[in-house]
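Novice: Residue strings, one per chain:
2 protein chains.
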Amino acid sequence: MKISMHQASAPRFANALRNLSSVLDKAQAWADAKKLDAAVPGGLRLIADMFPLARQVQIACDTAKGAVARLAGVEIPKHEDTETTIAELKARIAKTLDFIQSVSAAKIDGSEEREVVLKMRSGEVKFNGLQYLMGHAYPNFYFHCTTAYNILRANGVELGKRDFIGTP
Amino acid sequence: MKISMHQASAPRFANALRNLSSVLDKAQAWADAKKLDAAVPGGLRLIADMFPLARQVQIACDTAKGAVARLAGVEIPKHEDTETTIAELKARIAKTLDFIQSVSAAKIDGSEEREVVLKMRSGEVKFNGLQYLMGHAYPNFYFHCTTAYNILRANGVELGKRDFIGTP
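Residue numbers (the numbering used here), protein chains in the order written: chain A, 14 to 181; chain B, 14 to 181.
Next up, chain A with everything else stripped away, as it sits in the complex (with noise of 0.2 Å):
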């Protein structure tokens, strides 16, 4: 037995995106105690060139969409950001998810030597599947996850490693 890429992709990332949504319930409670306005919370930065947590919210999904997608050979779907609401980055992130889950297995499944193309700003890299997920796709999507939830820590929301991690 050995995993398949399905195994090893769009339910991981699904499951990461339910956590990331619990996580910004945490902060949507807090905002409101604080009396926030609706805007504040997805303007929350680490430090001032870094993306505020809207856009870490955003990336995590457009990571996660575009792994499933690029796997199975389907076409990403168009997600426009435009999100400034706690609300709003939760209606992503379910957009998301249904995409996620609409892709089927067999579509996913086979995928590891599948050629990926990238369109980055130094030029096209290409990886096959299994490189591509593992070694871009997986650390970005944490990496986005994470920070979401360091900016919403570092700025006293109450979170611990248990709303992160979810249960597996």
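Any given hint could turn out to be false.
If chains are identical, the list can't say which one is meant, so a pair holds when it fits in one copy or spans any two.
Calculated lysine-lysine pairs in the DSS-like style (CA-CA distance at most 30 Å, straight line) [as the list claims (entries may be wrong)]:
(1) 15 <-> 120
(2) 39 <-> 15
(3) 91 <-> 139
(4) 139 <-> 39
(5) 139 <-> 15
(6) 174 <-> 108
(7) 47 <-> 91
(8) 174 <-> 39
(9) 174 <-> 103
(10) 48 <-> 108
(11) 139 <-> 48
(12) 91 <-> 39
(13) 103 <-> 91
(14) 39 <-> 120
(15) 48 <-> 15
(16) 132 <-> 174
(17) 91 <-> 48
(18) 48 <-> 132
(19) 132 <-> 39
(20) 120 <-> 48
(21) 174 <-> 139
(22) 47 <-> 103
(23) 15 <-> 103
(24) 120 <-> 47
(25) 15 <-> 47
No wet-lab data here; the hints were simulated from the structure.
Chain B: place on chain A using the hints.
Specialist: Quick look at chain B alone, frame taken from chain A:
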């Protein structure tokens, strides 16, 4: 063709740990330029009640070596948490890499269904190998690698996502 448990674990942890070591090189150059006391960088935090940089690096290392050892069914090497300087944290990463790379692929392969028991504060938690690797070890590992990066980035070290991702 499917992914083996070795492909999904040891080389991925090793790659991210090498990137983390390079991130620490930039932190060292920054600390040198600012003539910081050698113990300052390791003590930096995002907020008072989160672990400092040194502990983030130690936990990232422990998560990687724990995952590789548990999947392979070998004893987890004990590394004391004594590091206070960046040079010592880089040495901690190096000895973690040595261990990870010393475990043969054959020992790790086939561990998808192997029972892994973790002793948590809440009691024992049982996983199968796949669920443990993908749902527990990965998100924990990347959480601490990212938080180490974020601590340095939020303190002004000039880092970009490319330093974190390295070469997949």
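Novice: Indicate, hint by hint, whether the structure satisfies it.
Specialist: Results of checking the hints against the structure:
1. Taking the shortest alpha-carbon separations for residue 15 and residue 120, both the intra-copy value of 17 Å and the inter-copy value of 14 Å come in at or below 30 Å.
2. In the homo-oligomer, the alpha carbons of residue 39 and residue 15 never lie at most 30 Å apart, since the shortest distance is 37 Å inside one protomer and 38 Å across protomers.
3. Taking identical chains as interchangeable, the C-alpha atoms of residue 91 and residue 139 lie at most 30 Å apart only when both belong to the same chain, with a minimum of 22 Å there against 39 Å between chains.
4. Taking the shortest alpha-carbon separations for residue 139 and residue 39, only the inter-copy value of 28 Å comes in at or below 30 Å, while the best intra-copy value is 39 Å.
5. Both within a single protomer and between protomers do residue 139 and residue 15 lie at most 30 Å apart by alpha-carbon distance, with minima of 25 Å and 20 Å respectively.
6. In the homo-oligomer, the alpha carbons of residue 174 and residue 108 lie at most 30 Å apart both inside one protomer (25 Å) and across protomers (26 Å), since each shortest distance falls under that limit.
7. Taking the closest pair of Cα atoms, residue 47 and residue 91 never come within 30 Å of each other, the shortest separation being 34 Å inside a single copy and 45 Å across copies.
8. In this assembly of identical chains, residue 174 and residue 39 lie within 30 Å of each other by CA distance both inside one copy and across copies; the values are 13 Å within and 27 Å between.
9. Proximity of residue 174 to residue 103 under the C-alpha cut-off of 30 Å is found in both arrangements, the shortest distances being 20 Å within a copy and 25 Å between copies.
10. Taking the closest pair of Cα atoms, residue 48 and residue 108 come within 30 Å of each other only inside a single copy of the chain (28 Å); across copies the shortest separation is 49 Å, beyond that limit.
11. For a Cα distance limit of 30 Å, the shortest separation of residue 139 from residue 48 qualifies neither inside one copy, at 47 Å, nor across copies, at 41 Å.
12. In this assembly of identical chains, the alpha carbons of residue 91 and residue 39 lie at most 30 Å apart only when taken from the same copy (28 Å versus 36 Å across copies).
13. Taking identical chains as interchangeable, the C-alpha atoms of residue 103 and residue 91 lie at most 30 Å apart only when both belong to the same chain, with a minimum of 17 Å there against 41 Å between chains.
14. For the identical chains of this complex, residue 39 and residue 120 are neighbours neither inside a copy (35 Å) nor across copies (41 Å), given an alpha-carbon limit of 30 Å.
15. With identical chains, the CA atoms of residue 48 and residue 15 are never at most 30 Å apart, being 50 Å at best within one copy and 51 Å at best between copies.
16. For the homomeric pair residue 132 and residue 174, the shortest alpha-carbon distance between copies (16 Å) is at most 30 Å, but the shortest distance inside one copy (34 Å) is not.
17. For a Cα distance limit of 30 Å, the shortest separation of residue 91 from residue 48 qualifies neither inside one copy, at 33 Å, nor across copies, at 48 Å.
18. For the homomeric pair residue 48 and residue 132, neither the shortest alpha-carbon distance inside one copy (42 Å) nor that between copies (40 Å) is at most 30 Å.
19. For the homomeric pair residue 132 and residue 39, the shortest alpha-carbon distance between copies (27 Å) is at most 30 Å, but the shortest distance inside one copy (35 Å) is not.
20. Proximity of residue 120 to residue 48 under the C-alpha cut-off of 30 Å is found in neither arrangement, the shortest distances being 46 Å within a copy and 55 Å between copies.
21. For a Cα distance limit of 30 Å, the shortest separation of residue 174 from residue 139 across copies, 18 Å, qualifies, whereas the shortest one inside one copy, 34 Å, does not.
22. For the homomeric pair residue 47 and residue 103, the shortest alpha-carbon distance inside one copy (20 Å) is at most 30 Å, but the shortest distance between copies (41 Å) is not.
23. In this homomeric assembly, residue 15 and residue 103 never come within 30 Å of each other (Cα to Cα): the closest approach is 34 Å inside a single copy and 33 Å across copies.
24. With identical chains, the CA atoms of residue 120 and residue 47 are never at most 30 Å apart, being 46 Å at best within one copy and 52 Å at best between copies.
25. With identical chains, the CA atoms of residue 15 and residue 47 are never at most 30 Å apart, being 49 Å at best within one copy and 50 Å at best between copies.
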